[in-house]
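Just need the whole structure built from these sequences, with the hints factored in.
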Amino acid sequence: MNAPDYAEAIIAWRVWLVVADGEEIRLSSVVHKTVWTPRCQLEASCHRTTLSFPRLWRKKPSGHCAPAEDCRCGIYGARDLERAASYLLAINTARCLPSDLWLEPLHRPLLSGAIGHVSLWGSVVECEHGWRASHAYPERLYLLVPSDEEESLSPREEIAVGLSVYGVPVEVRECKTNNSEAVVDAVCFG
Amino acid sequence: MEIGDPERTYTVEPLEDPVPREEPALPTEAPEEEPGEREKVETG
Chain A
1 MNAPDYAEAI IAWRVWLVVA DGEEIRLSSV VHKTVWTPRC QLEASCHRTT LSFPRLWRKK
61 PSGHCAPAED CRCGIYGARD LERAASYLLA INTARCLPSD LWLEPLHRPL LSGAIGHVSL
121 WGSVVECEHG WRASHAYPER LYLLVPSDEE ESLSPREEIA VGLSVYGVPV EVRECKTNNS
181 EAVVDAVCFG
Chain B
1 MEIGDPERTY TVEPLEDPVP REEPALPTEA PEEEPGEREK VETG
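Chains A and B, in that order, are what the protein sequence lines are. Here the first sequence is numbered in the numbering used here, starting from 1 and rising by one per residue. Here the second sequence is numbered in the numbering used here, starting from 1 and rising by one per residue.
Taking CB as the label site, the calculated pair distances span:
1) 8/B to 49/A: 22 to 30 Å
2) 161/A to 13/B: 27 to 35 Å
3) 7/B to 108/A: 33 to 41 Å
4) 15/B to 105/A: 39 to 47 Å
5) 169/A to 10/B: 21 to 29 Å
6) 157/A to 5/B: 36 to 44 Å
7) 13/B to 64/A: 16 to 24 Å
8) 5/B to 161/A: 35 to 43 Å
9) 13/B to 24/A: 25 to 33 Å
10) 22/B to 158/A: 17 to 25 Å
11) 181/A to 22/B: 37 to 45 Å
12) 146/A to 11/B: 39 to 47 Å
13) 146/A to 7/B: 34 to 42 Å
14) 11/B to 37/A: 20 to 28 Å
Over 12 Å on every C-beta distance to chain B, these chain A residues come out as not near it, computed from the model:
15) 63
16) 112
17) 179
Note that these hints are calculated values from the structure, not bench results. Keep in mind that this is a model prediction, so the values were computed, not measured. Idealized CB from N, CA, C, for every residue including glycine.
As structure tokens, this is what we get:
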């Protein structure tokens, strides 16, 4: 048995969807719509499938443990807040497009997006701008509310209360404009 | 999210659990002892 290379979880930046799961409020991954269970680590699996010859309509799973270097699987985290902030804004726009084929359909009502720190550990593939890991759990969450939003902050506050089941800090921050610099300012300086 | 090409793979085993597991239940107060038969105190 090999000794681990590091004894502290990697802290990276990440984006989640916030969804209603019945009466509960939960975090969901953006691409594969995996719901993150409170107080339980998320373990990665590879969702990639290959066509099985000769029965081409049958897809078979990739068969490897996630993450693999030569695949794109694993639980993602970015090294820089700016990269995650751009992604948060991109998915908000992309979700409005009917030809949005790269996203799995969302089966739960979408309440919000969230950005924050994620702890990554287990088997970790370090990449140029971040990591893909086998295990993950949120470390800190930020809910951003536009400053020109007419409604009061209370819905976001209610979402924050709902997300408290994860047992990590959840902060509601006002975000002045819809660009990544404003998201970075809101997260870093409130 | 685009994080670029893989550079290396390693293992991370945090000494401290990153998951805040279920908070331990608050200790319940020990049930009060059943009132025993009162000692008879001789008076007079």
